[in-house]
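Novice: Read off the chains here:
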Amino acid sequence: MKVAKLPTILVIVQVLFIVFFAIFADYAPSANAKYPENSKDADKGGADPSKNKLHSLYDMFQHVHVMIFIGFGFLMTFLRRYGFSSVGFNMLIAAFVIQWHMITHGLLHMATEHSSSFKIDIESLLTADFAAAAVLISFGAVLGKTSPLQLIVMAFIEIIVFVCNEYIGLYFFKASDVGGSMFVHIFGAYFGIAAARILYNSKVEDSKKEGSNYHSDLFAMIGTIFLWLYWPSFNSALAPGDDQHRAVINTYLALASCVIVAFAISSNSKEAKFDMVHVQNATLAGGVAVGTSANFMIGPWGALLIGSVAGAISVVGYKYITPYLARRWKAHDTCGVNNLHGMPGILAGLFGAIFASFASVDRYGNGLYEIFPARAPMENSTKLLEIQANFTISAGDDRSAVQQGGYQFLAMAVTLIVALVAGAITGFIMKMSPLDPVKERHLFDDGHYWETPSDFDEAVQFCNGTDNCETVNLKSFDDEKNAEDPDN
Amino acid sequence: MKVAKLPTILVIVQVLFIVFFAIFADYAPSANAKYPENSKDADKGGADPSKNKLHSLYDMFQHVHVMIFIGFGFLMTFLRRYGFSSVGFNMLIAAFVIQWHMITHGLLHMATEHSSSFKIDIESLLTADFAAAAVLISFGAVLGKTSPLQLIVMAFIEIIVFVCNEYIGLYFFKASDVGGSMFVHIFGAYFGIAAARILYNSKVEDSKKEGSNYHSDLFAMIGTIFLWLYWPSFNSALAPGDDQHRAVINTYLALASCVIVAFAISSNSKEAKFDMVHVQNATLAGGVAVGTSANFMIGPWGALLIGSVAGAISVVGYKYITPYLARRWKAHDTCGVNNLHGMPGILAGLFGAIFASFASVDRYGNGLYEIFPARAPMENSTKLLEIQANFTISAGDDRSAVQQGGYQFLAMAVTLIVALVAGAITGFIMKMSPLDPVKERHLFDDGHYWETPSDFDEAVQFCNGTDNCETVNLKSFDDEKNAEDPDN
Amino acid sequence: MKVAKLPTILVIVQVLFIVFFAIFADYAPSANAKYPENSKDADKGGADPSKNKLHSLYDMFQHVHVMIFIGFGFLMTFLRRYGFSSVGFNMLIAAFVIQWHMITHGLLHMATEHSSSFKIDIESLLTADFAAAAVLISFGAVLGKTSPLQLIVMAFIEIIVFVCNEYIGLYFFKASDVGGSMFVHIFGAYFGIAAARILYNSKVEDSKKEGSNYHSDLFAMIGTIFLWLYWPSFNSALAPGDDQHRAVINTYLALASCVIVAFAISSNSKEAKFDMVHVQNATLAGGVAVGTSANFMIGPWGALLIGSVAGAISVVGYKYITPYLARRWKAHDTCGVNNLHGMPGILAGLFGAIFASFASVDRYGNGLYEIFPARAPMENSTKLLEIQANFTISAGDDRSAVQQGGYQFLAMAVTLIVALVAGAITGFIMKMSPLDPVKERHLFDDGHYWETPSDFDEAVQFCNGTDNCETVNLKSFDDEKNAEDPDN
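Protein chains in written order, with the working numbering: chain A, 250 to 737; chain B, 250 to 737; chain C, 250 to 737.
Just chain A, with the same shape it has in the complex:
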């Protein structure tokens, strides 16, 4: 076998990953047979198998897992000639990210906690999936316009920045973002949009391949609906007890109201017709918009309100803002991630900051300190001891509600800036020729990257030379195929 560039790089990467894991990774105690408690029965001081950490998270983890691989993967198959790449590269990138995130996240925590290895448990698997979501959102912005190698490089850089940004948000700003609307959605969306802006090629607008067909739109709905169904798990997976229960309810409600409003605004056009792009995407905006405050005491009506606003903004975004960004700002956003993740993410951050500014012990009980650890009283204060008599919390910074709101806002703003800057820099790196940037005629086209079945080209041949076929918009592919194509 002759060895080519991409395979070589992928194999080297995987070998390096194995080496990193061999040096630094180990099972967490709850997954480690060697851990002494696992060698004893529960009534002899051992670990109770039925209470293994796996059980409290596995269900939620699997929901998120489905969202990443089925949800994002199929959502992007709406492009009629890019389905293999959508679902295939989605899988490749995610498989890369879940390993790379464990390493970067692990190394960062080893550094800050002065430990010599990082431990893997079900929570590592879950947070790796969250990180994959950020990269796949960015993938949505550049969909159809990048080579696999560019995507791997993007994922490589993005995860490093993602881990650092999240660390700053969670540990410096002590912001609360249970559903990752800031650290995952805003980050992924604007990172991707910035990269797409730098990669902009004016020929993108002319491509007749960027569009759906009837069945590709149905394949995309598989992704949409699984995302919609499991979003409550995404937003609640890492919350405990009543917080988790509330996050499920709020997300479910926000998604329900978002559907109604998205359908409403979608059909509010001259022809009074619904648009599948809106149904596929805007119906999910409620899940993003409620993400930061999903475990807050926003009230069921608050969740419905947030979902409604998000649905409206998202559809308006698809109708007006996406074309405007492409035309005026040369930011061509293939999947419209600005409308599904970007603006609803900002909405989530704003709602989060506002609600945090009004959060009180009166309304939250001691749960306040679970959700906003920085609001807990200082170390050794009388107030802390009083609370700790009833409820296990750590010492905090004694922040006021408004201070917490300010930090929430700060975390959002920093995330936005970091994402834009890092995305743009990554875009410049991706443009470098060794990464095989996509030629114009290969935009939105599986043909260059995949062995394709005969009907992929038949669609074109079918109509050659007959009059009534000239109207078929797939014909243009044919011309491209006949053109000299040295590297295809």
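What the hints contain is simulated information worked out from the structure, not anything from laboratory work.
Mixed in with the good hints there might be a few duds.
What the hints assert, rightly or not - Straight-line C-alpha distance at most 30 Å; calculated BS3-like pairs for lysine-lysine:
(1) Lys302/C <-> Lys302/A
(2) Lys632/B <-> Lys254/C
(3) Lys522/B <-> Lys680/C
(4) Lys568/C <-> Lys579/C
(5) Lys688/A <-> Lys457/A
(6) Lys423/B <-> Lys632/A
(7) Lys368/A <-> Lys289/A
(8) Lys688/B <-> Lys519/A
(9) Lys300/A <-> Lys293/C
(10) Lys293/C <-> Lys423/B
(11) Lys423/C <-> Lys293/A
(12) Lys680/C <-> Lys283/A
Model, not experiment: these values are computed from the prediction.
Since the structure of chain A is provided, determine the placement of chains B and C on it from the hints.
Specialist: The following block gives chains B and C in isolation, referenced to the frame of chain A:
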């Protein structure tokens, strides 16, 4: 933006929902941070986060959730030119119903329990999904023949009647129906069929668009199989302990035998060929037919028997009864919900009544009083106290087995009558012209309601003017497109 | 209704199943209302409903259930004209097997345990699904080349052999195989390949119908991804506590690395293009290859290594070994189960034997005796009592690590031989004419077994008599249709 009728109505509805929720809805204690027990550690009398009510139901809830949105949604995509509407309107209706059901169900229980608000927890989400199932079954009967506005009106009325009928069945008749075969399946099926009868348009029979194509049949199988897989959760979600375990086993077995018999009867034709309509639908009839008695002690063989009978009846229904109903009774049932939900539901009700008539403490232990609360002894009776010494139950009506069987039958009969009458009345309301009844040429056609990709119409243009294409049955659409169409 | 052969046989089989269940099957105590503990509250010595066995397994069971019916079913829809059969026969066979496995497995255990009935609980449902996996793997080898009747006969025989082989492996050799890589994957693959070898028809190689189209490849990805997602559940479902947690982690990691390497090797061709066949199948090989040792202390890096090797071997298998086997050995393996299940299964067995040879108490703690019960000390030995003071285990055979490794290898070798011999014999039985072997022109074609929608044949008629359509490779079907076909 010019504002049109449907968007306006949807937005007003959503605003009203938010107002209703703001006035009446609150988190249940297990989802409410303010609840004092949530502010204490479990060992100080607080609520144990790991035992939050969410955990016992979330898994089952998500299975049912998948059934509603993926299962029903994709099952109906079998129509070759109505896939967008099938999966899209399914989503719209379900999102409407889950909010509207919480309100109506909440108000009813506020009235009967003299409380000032209704509480939302994971069980509310689950029962809202059950209610959505009823409406989506009705949707199956009228599929392709109604406007979105008609569907919203149908859902609005149907839920009110659904909540009342279920209340009567559960609280007056004290019938047991763990899988909702009576209150969900019979109700939804005959409500929809009655409405379809009133909406009957003789041109429906001529429509060349009512049919599948090769890939639309595969999309439908996604729906079928997820329904088939998660049906044990549907039938067992609300049962406790061994009852739940038994309901899972019985449903799994009934579905397995149903598949064998449905395939058998399906291929028993002159050509000895299987029919995808049967595989898509009749294979599920076992889940419906065992629904009422899923938690009864019917024995594993009993479950297999019920499933077998249901599979046979359902296929026979598709082969003979659906055409007969359409021809003779003008009841055109697009998805054949009579065969999948109606007759198997009646079967479930009958089996339920029969098995209930033979249920004894000897066979059920004290579980008898969990399944049939009315069979528990009267308040203050010695017998009640004896039982309560071992097992927590409430006082009942001291019903005999046969009495319980009679009430089971009564609940079924009342459900059937209520559904038919309410469905017919709703059909008349849906016919009113402000609700935009569907014109003949728009039957079973996404083109009137959706922006469609180019291949939706290409399929027609493809063959214009060539001889060998005259046999293509999509051609008829072309003529319609050329006809004057003032409102398209 | 005229009664035909297949329907008659299916109905008789189902009736016999019901009779078998009526005589021998009963609910397990945890699903039986009659069981006295279920009639008492937990604090009075009764069973705690919240700790019902259902809850510890239901989640995992449903994941496996999805793998069997969605995963295998859709994975095989890649054939462009065999989608109905793939997903339909998959459902039929699995529904047959889950009943038949309960009976055979039940009878075997009744015989060995001298009991008069077999008990059904959630574990029975789960192991029945595992057994279905074996048969469906065999189905993959003969896909498109067998009649439904042949498949039922194959399933009937295969399950009997499967149950016996597994019994020998687990109870005589006391081999550990938590993910069933030996007893399910090796067994199913080589049983199917042996049967396919006997059924070999040289015309298979000429069939123009054996191939995918663009959308059938996307349908197949639904199967692939659900298999990929839920494989950690398949490999861990029957392990307890930390073993289960570790099995989830190891499988997740092996699958992730497998994706990277499979993509790498796939695109390492002259054209540098990915192949959907590899993405659909080879990405899963890591799950198989780590199956036997998923709960061993192989280390996270060990899991990554196993997955990488499996991904490489599997793609190489699709590229070189499958064509070679068909050409040289007349073993035509439609889905390439040798590459996805066969060779990775052998890899799993070898890795299992090697790792078992190095397993020590030092590395595993007392968990060693959970994973390898035969390594526990002999009955009444001091060493056993010492362990039992801390940890509940049964007496074993005091095997050494190397002995255990030897038995692991033996179990694999016996499984391979049993599968090949039994598969070949079954192939000869399947060839008998009363089982309706498939005629050449019906290979890989739904048309003979299913009512097909108009576009199934339109594809052919479309191009009749026009010049530019001669290149369309579906044309050949047309000739066959025109040929005399007495039994179609």
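Novice: Confirm or reject each hint.
Specialist: Now for the hints, and whether the structure bears them out:
{"no.": "1", "hint": "Lys302/C <-> Lys302/A", "result": "holds (18 Å)"}
{"no.": "2", "hint": "Lys632/B <-> Lys254/C", "result": "violated (57 Å)"}
{"no.": "3", "hint": "Lys522/B <-> Lys680/C", "result": "holds (21 Å)"}
{"no.": "4", "hint": "Lys568/C <-> Lys579/C", "result": "holds (17 Å)"}
{"no.": "5", "hint": "Lys688/A <-> Lys457/A", "result": "holds (15 Å)"}
{"no.": "6", "hint": "Lys423/B <-> Lys632/A", "result": "violated (52 Å)"}
{"no.": "7", "hint": "Lys368/A <-> Lys289/A", "result": "holds (21 Å)"}
{"no.": "8", "hint": "Lys688/B <-> Lys519/A", "result": "holds (19 Å)"}
{"no.": "9", "hint": "Lys300/A <-> Lys293/C", "result": "holds (23 Å)"}
{"no.": "10", "hint": "Lys293/C <-> Lys423/B", "result": "holds (28 Å)"}
{"no.": "11", "hint": "Lys423/C <-> Lys293/A", "result": "holds (28 Å)"}
{"no.": "12", "hint": "Lys680/C <-> Lys283/A", "result": "violated (53 Å)"}
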